[in-house]
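Peer 1: Below, each chain spelled out in residue letters.
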Amino acid sequence: MSAEQCFTLDGRRVPFQDGQTLMAAALDAGVYIPHLCFNPEFAPHGSCRVCLVQVNGRVQAACTTPAAAGLTVQSEIEELREMRRGILQMLFVEGNHVCPACEKSGACQLQAVAYYVGMQTPHYKHFYPRRPVDASHPEAVIDFNRCILCELCVRASRDVDGKNVFAVQGRGIQARLVVNTPSGQLGATPFSIHDKAAQVCPTGTILTKHRGYETPIGQRLYDRKPISVVGDVAQLPESRGGRRHD
Amino acid sequence: MSHLETAARPDYLCRIAIDPLSRVEGHGKVTLLTDKDHRIRQARLHIVEFRGFEKFIQGRPYWEVPVVVERLCGICPVSHHLAAAKAVDQLVGARELTPTAEKIRRLMHYGQTLQSHAVHFFHLASPDFLFDFDDPAAHRNVGGVMTDYPDIARQGVRLRKYGQEVIRVTAGKRIHGTGAIPGGVNKALTLQERNYLLADLDLMIQWGRGILKLVKQAYQLNPGYFTYFATIRSNYLSLARADGALDLYHGGLRARNERGEILFDKLDYRRYSQVIREQVKPWSYMKFPFIHSLGSEQGWYRVGPLARINNCDFIPTPLAEEERREFMALGDGQPVHMTLAYHWARMIELLHATEAIKELLLDPDIFGEERVVRGEMAREGIGVIEAPRGTLFHHYRINEDGLIEKANLIVSTTNNNQAMNESIRQVAERYLDGKELTEPLLNQIEVAVRAYDPCLSCATHALGRMPLIVELVEEGSGAVVNSLARDVDGTVRNEMGLPPEGASSV
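Taken in order, these protein sequences are the chains called A and B. Residue numbering for the first sequence follows this note's numbering, beginning at 436 and increasing consecutively. Residue numbering for the second sequence follows this note's numbering, beginning at 769 and increasing consecutively.
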């Protein structure tokens, strides 16, 4: 029997299996590294950069960096926390994230990560983009104001649902989530509220229609415990039977 | 309508502004135009805020609305939350809520009425009762009350806190909760929560009775002042239960004229636009609603505690009903028109709220599992509620996708717009006319406005912050000749460097 392979994460030995990323191994070990575009059920995307860690002194995304024996990884250090706060602040000012009135508040991954990294204010000037809500579908609404371009819905619809309902159009600062139909309306697609794509949004962009605020304040996912305890770090790890959609 | 609304030749008059008004909710100002003999020629209350809620909720999903529009206010958000929820109930076809949902919402609303009335009476208005007009401004505030009457101040704080706790338990947060959802509520009470709220309730009821004694003592000490200060005869509008009872959550629209005769009754509030119209005047951002059948000159009305107590036939809780009877005896068969009686009526409602909360807490329906009903969707919904400051209308229309297409909100203070203007004109004419204006005299204008507990927002509640600027303006050129300012600490100073007596020339 070969010896267990490990790397150190903030001084703690984290075992990993061949082919695992730093993020996957950390989650398996119950160690939280902040993330948004990463979802344990999907292949790493590496786009949000919230999971930045220092690997032997170099800053890299934990979700895309393969684990290797002997690596020294640092996550919970002030330098990285400040970078993460900056990324979160830019995400917040890019869209229209009105947490006080948002029905996803208290169960929103974006909000929970912002709390976790200690973001107190948006800091930057708001863009205030004008993005109309698409309520053309009978079961769902899309509030594009809250999209952070993690592409989880794009990947889920394409790779799991087999419907290819969503896409990202444009480049750089012009990039935006669109619905893959000539009209651009969700109502013109075969999308269903039961699709995987409807379940994966880390913000309040894709929501069930006609319902909201049904979970009382105090009982929502992140009301009592931080995301580092009750987020996907608490879910069944891949090594113990969790599903993954590559 | 008073002749002081518009002066014939304003260019030849001195303009005095009380800006901002203090110890009211938000930003407003009063302007007075006086001639060289200090005679009042024009008096107006201006609301200088613009909120824009009706516009920016357009295009948003309808189920968001109760949680968005409650941000209109930090003092009485529950009123907006519930008025919007009642409108949204109609959009989702919820014709009748489950007993649990209705009672939880009522509990939330009475908690809100209790805390809002307590804030107004103790924190904002009690200095007007407990201290003289010429009491130093730095002392004539809740800080002075805390120093001179610590027991009264403590009761005020505790009563407000209790109301806030009722809101927290039913809505999840003390301010801006999420309790009411389309067709019902998102939580019932647990036995533990019920027992927690019951623990202090008898003390709150006792204090509620004690405050009424205080108000009655103030009346008995100076009945002439109560009777005439800012008093105007008006129509009254409120909701009332089908049997004529006071009901702050639901009922039909009832209006009485100044003699107490019913103008309309049991009117389905979804037909409000048939009886209420709004007039726009070029000098104010706030509209002037009036009863359509009487016209804008005669049809203006008052809402709020005084209107509700005048309008109802009885209060369905015993202690408050006993107080109502004593109060109504002042009118000798007619409505009580004394503007300062708003405070008295408000405290009767505070007592009623404590009693109503007790009834609800002892009702097993508040533990129920059935919390939401839905039916056939509709495109239009109108919710009306008796907010602490008066009748509140929320009217929404949605498109076929469920997004808000149009919204119309008539907030309580808007209903009292003309009445507040009439009251300050009465005070200006009766107490200020022909006199050299001083800070204590100007304070009387504020006392008149404050009786209505106008909700212009919640920014000016801080201790002792009663800034005033009185300017003497040269005829024709409009140049400021002299200026008298009162700072946030109550210090009165002359901004033009003239001796304090300069105030007498204003």
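Keep in mind that the hints were calculated from the coordinates and are not lab data. As the structure is a prediction and not an experimental result, all values here were calculated from the model. Some clues are possibly wrong.
[Said to hold, decoys possible] Listed next, with one range per pair, are the computed distances between beta-carbon atoms:
hint	chain 1	residue 1	chain 2	residue 2	range
1	B	K929	A	V533	25 to 33 Å
2	B	G861	A	A478	39 to 47 Å
3	A	Q609	B	R922	55 to 63 Å
4	B	R922	A	R646	49 to 57 Å
5	B	K823	A	D658	29 to 37 Å
Heads up, the beta-carbon is just placed ideally off N, CA and C, and yes, glycines get one too.
Peer 1: Against this structure, judge whether each hint is valid.
Peer 2: Going down the list of hints, with the structure as the test:
At roughly 29 Å, the beta-carbon separation of K929 (chain B) and V533 (chain A) lies within the given 25 to 33 Å, and the hint holds. At roughly 44 Å, the beta carbons of G861 (chain B) and A478 (chain A) sit within the given window of 39 to 47 Å. Range check, Q609 (chain A) to R922 (chain B): about 60 Å between beta-carbon atoms, so the 55 to 63 Å window is met. Checking the proposed 49 to 57 Å range against R922 (chain B) and R646 (chain A) shows it is violated: the Cβ atoms sit about 44 Å from each other.
For the hinted restraint 29 to 37 Å between K823 (chain B) and D658 (chain A), the CB-CB distance of approximately 32 Å keeps it satisfied.
Consistency note: the structure conflicts with earlier hint 4 alone.
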